[in-house]
Amino acid sequence: MSALIQCEDVWKIYRVGDMEVQALRGLSLTIEQGEFVAIMGSSGSGKSTLMNILGCLDQPTKGRYRLNGIEASNLKPDQLAGIRNQQIGFVFQSFNLIPRTSALENAQLPLFYRGLSLKEQRTQAAAALRRVGLQGREHHYPTQLSGGQQQRVAIARALVTSPSLLLADEPTGNLDTQSSQEIMRILDQLNRDEGITIILVTHEVDIAAYAAREIVIKDGQVLSDHLTKGRPTPSPVGG
Amino acid sequence: MSAFVWLTILTALRILARNRMRAGLTMLGIVIGVAAVIAMVSIGEGAKQAVQAQIATMGTNVIIIFPGVTSASGVRGSQGSAVTLTVSDAVDLKKRVPLLSDTGWAKRDVMQIVYGNRNWNGTVNGVSPSYLTIRDWSFTSGGSFTQTDVESAARVALIGQTIVGNLFEPGEEPVGAVIRLKNVPFRVIGVLAPKGQSAQGTDQDDVIFIPFSTAERKVFGTSFIGSVGAMFGSTDQVEDLPMAAEQIREVLRARHRLQAEQEDDFTIRTQVDIGKVQEGTSETLTMMLFAIASVSLLVGGIGIMNILLVSVTERTREIGVRMAVGAKRRHIVMQFLIEAMTLSLVGGVLGIILGVTGAKLTTLIAGWPTIISGNVILLAFFFSLVVGLFFGLYPANKASRLNPIEALRYE
Ligand SMILES: Nc1ncnc2c1ncn2[C@@H]1O[C@H](COP(=O)(O)OP(=O)(O)OP(=O)(O)O)[C@@H](O)[C@H]1O
Ligand SMILES: [Mg+2]
Numbered sequence: 003m004s005a006l007i008q009c010e011d012v013w014k015i016y017r018v019g020d021m022e023v024q025a026l027r028g029l030s031l032t033i034e035q036g037e038f039v040a041i042m043g044s045s046g047s048g049k050s051t052l053m054n055i056l057g058c059l060d061q062p063t064k065g066r067y068r069l070n071g072i073e074a075s076n077l078k079p080d081q082l083a084g085i086r087n088q089q090i091g092f093v094f095q096s097f098n099l100i101p102r103t104s105a106l107e108n109a110q111l112p113l114f115y116r117g118l119s120l121k122e123q124r125t126q127a128a129a130a131l132r133r134v135g136l137q138g139r140e141h142h143y144p145t146q147l148s149g150g151q152q153q154r155v156a157i158a159r160a161l162v163t164s165p166s167l168l169l170a171d172e173p174t175g176n177l178d179t180q181s182s183q184e185i186m187r188i189l190d191q192l193n194r195d196e197g198i199t200i201i202l203v204t205h206e207v208d209i210a211a212y213a214a215r216e217i218v219i220k221d222g223q224v225l226s227d228h229l230t231k232g233r234p235t236p237s238p239v240g241g
Numbered sequence: 090m091s092a093f094v095w096l097t098i099l100t101a102l103r104i105l106a107r108n109r110m111r112a113g114l115t116m117l118g119i120v121i122g123v124a125a126v127i128a129m130v131s132i133g134e135g136a137k138q139a140v141q142a143q144i145a146t147m148g149t150n151v152i153i154i155f156p157g158v159t160s161a162s163g164v165r166g167s168q169g170s171a172v173t174l175t176v177s178d179a180v181d182l183k184k185r186v187p188l189l190s191d192t193g194w195a196k197r198d199v200m201q202i203v204y205g206n207r208n209w210n211g212t213v214n215g216v217s218p219s220y221l222t223i224r225d226w227s228f229t230s231g232g233s234f235t236q237t238d239v240e241s242a243a244r245v246a247l248i249g250q251t252i253v254g255n256l257f258e259p260g261e262e263p264v265g266a267v268i269r270l271k272n273v274p275f276r277v278i279g280v281l282a283p284k285g286q287s288a289q290g291t292d293q294d295d296v297i298f299i300p301f302s303t304a305e306r307k308v309f310g311t312s313f314i315g316s317v318g319a320m321f322g323s324t325d326q327v328e329d330l331p332m333a334a335e336q337i338r339e340v341l342r343a344r345h346r347l348q349a350e351q352e353d354d355f356t357i358r359t360q361v362d363i364g365k366v367q368e369g370t371s372e373t374l375t376m377m378l379f380a381i382a383s384v385s386l387l388v389g390g391i392g393i394m395n396i397l398l399v400s401v402t403e404r405t406r407e408i409g410v411r412m413a414v415g416a417k418r419r420h421i422v423m424q425f426l427i428e429a430m431t432l433s434l435v436g437g438v439l440g441i442i443l444g445v446t447g448a449k450l451t452t453l454i455a456g457w458p459t460i461i462s463g464n465v466i467l468l469a470f471f472f473s474l475v476v477g478l479f480f481g482l483y484p485a486n487k488a489s490r491l492n493p494i495e496a497l498r499y500e
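Protein chains in written order, with my numbering: chain S, 3 to 241; chain V, 90 to 500.
No wet-lab data here; the hints were simulated from the structure. Glycine included, each C-beta is placed from N, C-alpha and C at the ideal position. Mixed in with the good hints there might be a few duds.
[Said to hold, decoys possible] Result set (EDC-like, lysine to aspartate or glutamate): computed pairs, CA atoms no more than 16 Å apart in a straight line:
1) V:K284 / V:D294
2) V:K417 / S:D80
3) V:K183 / V:E339
4) V:K271 / V:D362
5) V:K417 / S:E22
[Claimed, not checked] Residues on chain V that point at chain S, a partial pick, calculated with CB under 10 Å:
6) E305
7) V366
8) R406
9) I494
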């Protein structure tokens, strides 16, 4: 069976005026189904650029990217949208919930584009919210939730479709230590219990420590790639 | 897909409710446009139907021939000022123009009508019996005169409702009563059913009919025996009117020995011509409405487009999120199109309510007849939908072409 993620000599080149910015420079990477990977590296090293390509939000300028055996480098926008909807969940640093829309409706959103019936959307979104410990908050608006809670809604939205891949670009970047730990525990559990592949970008060592594998990026290339010693013992998710 | 559409409509309504002020101002153009169309079409239709009802009182498929030259609007000089038409013209026309099912003639004069100690100045018409059938006169009591009445120049009269109202006591039966015209006694043998105002605004019920022969010999002056004030013809089919009019013209020109370069010494008007003159006015009104409506709907549409472009910019991040979780281009297009159509439809419905209210108030206050047709309402509804669709297309398309990464990063 092929790996979940296969990057071969991936380049991403931005043109800004006459200038050429090489954000990714021949990066190659393989990630298996079920892994929990932390991507680290200094600012501007190309982490977000890579995450966008892995998440099918963007396509490489050169090189090949295969997700679940599907060549994503030459798909059309709507086909990419379909893949994102079916296989990928996103968690962003800035939560990116839709304002003035309840937690439940935010969590429903991917199912909405799957064309499920309203009833199915509701049940599955409510279940996803329960999994991140937000039962009872279904009808809260984002402004009525703390940062940590908003990020948990975002995680519920990401996992509601049971994706094979969850991408989190600095998910704890806007959170305090305690909320960060809660988020990480949820992600850890999703990885352990459901086998969801998680790729996480972070600048913090103790966050990266939750992952089993650590990849360091520098100047758009893989600088180092190794398994970490171990993971903290999981503790129950707080409400 | 239906769950998607339904939820998108709900979302659109929620956004609309959230920005009531903004939505209201945006919709104003549509509201005014639709209201103007509804109100004015209703008033126009009401006026048109009133005119048509008046024209219908002329009779069915009627052709009128006046002596002398008449202006195009149908307004003419005093009837009978020229003595170019005669009874024999009318009789001959019936023989030589087969399209005419009948011809009739009339001559009139205004005189004092006396009954008991009451009197009234009214129009007395000497008419052929066929005149009454051509003009579709019917009776509320009594009946028309007979051929015998005509041959014997009997002193019998048919009287209109206005005359009845002015000469008789309420409830008094006029049939059988004797009235005096120029001091000549006439027995009333029929009371005419009311016709109301003519298309020219005269009271058609202020009328007395007596046999043409009686009028010539006993009431009107004896000069120009055989001349008529006007001739009337009718055809079976309304389509035959123009052809019949042309044939009448040829026959009359020949009978009057007019040379090719001479003008007609008579004027022919068909019921259709008269209707057209009246409809011309309401057509002008309709064109004006059309202009007002187009401009308002255009302005309304541009307003919707503008507000949608603002909305697309404001909600760039939201669009990015939607794209990230799997919204395809058509989903984003649909979302904004539905928002645009919701705006324009709500505007349209408000406009319909306003327009219908306006029309009803016009009837109530100014007393103008108005007709609110379901078609106009349907059309207004449809138009506001189309405006929303058309002007929503550009913003919706713009939103759907956003790059998801840039949209997600948008501040
Ligand atoms: N849309 C763009 N246009 C031009 N240059 C870009 C664009 N996006 C990223 N870059 C450049 O590509 C390089 C990599 O950017 P990227 O966002 O991937 O860095 P990063 O590793 O995520 O940094 P950080 O840790 O600060 O988030 C940077 O030099 C950045 O300026
Ligand atoms: Mg980044």
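Evaluated hints:
Distance restraint check for K284 (chain V) and D294 (chain V): the Cα-Cα separation of roughly 6 Å lies within the 16 Å cut-off, and the hinted pair is therefore satisfied. With a CA separation close to 5 Å, the supplied pair K417 (chain V) and D80 (chain S) stays within the 16 Å bound. Between K183 (chain V) and E339 (chain V) the alpha-carbon distance is near 13 Å, which keeps this suggested pair within the 16 Å criterion. Note on K271 (chain V) and D362 (chain V): the hinted pairing is violated, with a Cα-Cα distance of about 37 Å set against a maximum of 16 Å.
Only pairs whose Cα atoms come within 16 Å are accepted, and K417 (chain V) paired with E22 (chain S) is rejected, the gap being roughly 30 Å. Hint status for E305 (chain V) relative to chain S: violated, with the closest Cβ pair at about 88 Å, above 10 Å. Checking V366 (chain V) against chain S: minimum C-beta separation of about 61 Å lies over 10 Å; hint violated. For R406 (chain V), the suggested interface contact is upheld, since its CB lies about 7 Å from the closest CB of chain S, less than 10 Å.
Hint status for I494 (chain V) relative to chain S: holds, with the closest Cβ pair at about 5 Å, below 10 Å.
Of the numbered hints given earlier, the model fails hints 4, 5, 6, 7; all others are met.
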